[in-house]
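Working from the sequences, and respecting the hints, build out all of it.
Just so we're aligned: the sequence shown equals residues 30 to 133 in the numbering used here.
Bear in mind the hints are in silico, worked out from the structure with no lab data behind them. All clues given are correct.
Derived DEER-like restraints, expressed as beta-carbon distance ranges:
#1 D109 <-> T66: 16 to 24 Å
#2 N87 <-> G62: 31 to 39 Å
#3 D109 <-> S89: 29 to 37 Å
#4 L85 <-> T115: 18 to 26 Å
#5 E36 <-> Y130: 38 to 46 Å
#6 E123 <-> E36: 25 to 33 Å
#7 S127 <-> A49: 18 to 26 Å
#8 G62 <-> Y130: 37 to 45 Å
#9 D68 <-> T40: 17 to 25 Å
#10 E33 <-> S127: 36 to 44 Å
#11 V54 <-> G76: 19 to 27 Å
#12 E124 <-> K35: 28 to 36 Å
#13 D53 <-> H100: 29 to 37 Å
None of these values were measured; they are calculated from a predicted model. Cβ atoms here follow ideal geometry from the backbone N, Cα and C, with glycine treated the same way.
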Amino acid sequence: MLVEQKEKLQTAVGIIDNLAVDPDVNIDYFIPGVLVTADADGSGESGGPYVQFTYLANGSDAHVQHMPLTHGYLEKTPQDLANLVTFSLERFMEEIDSRQYGAQ
30 MLVEQKEKLQ TAVGIIDNLA VDPDVNIDYF IPGVLVTADA DGSGESGGPY VQFTYLANGS
90 DAHVQHMPLT HGYLEKTPQD LANLVTFSLE RFMEEIDSRQ YGAQ
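Rendered as structure tokens:
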């Protein structure tokens with residue numbers, strides 16, 4: 030990974046970590062050379078870096094989604110990448126709500 034990409038990703042991770050997120054959602058990172066959190070084990074489908082969302086419904090029913098950080102995403106500015114992750118997280122939460130409460 031290029032130094033420029035690492036710096037972008039470090040900045041994006043900082044932006045994402047400072048966002049107000051639902052307390053029932055954990056955000057983990059598998060970005061070798063930048064940040065690998067304990068719950069991100071490299072099992073993402075893309076085989077590359079990813080952001081992982083985990084939602085514990087009722088404290089025990091875990092819903093997990095991986096957001097691969099593709100080459101196109103790595104070309105974005107840190108703010109645009111953080112916005113994309115935020116959008117993906119919002120969609121993930123909408124999917125969970127839809128499953129729990131039915132389509133509205």
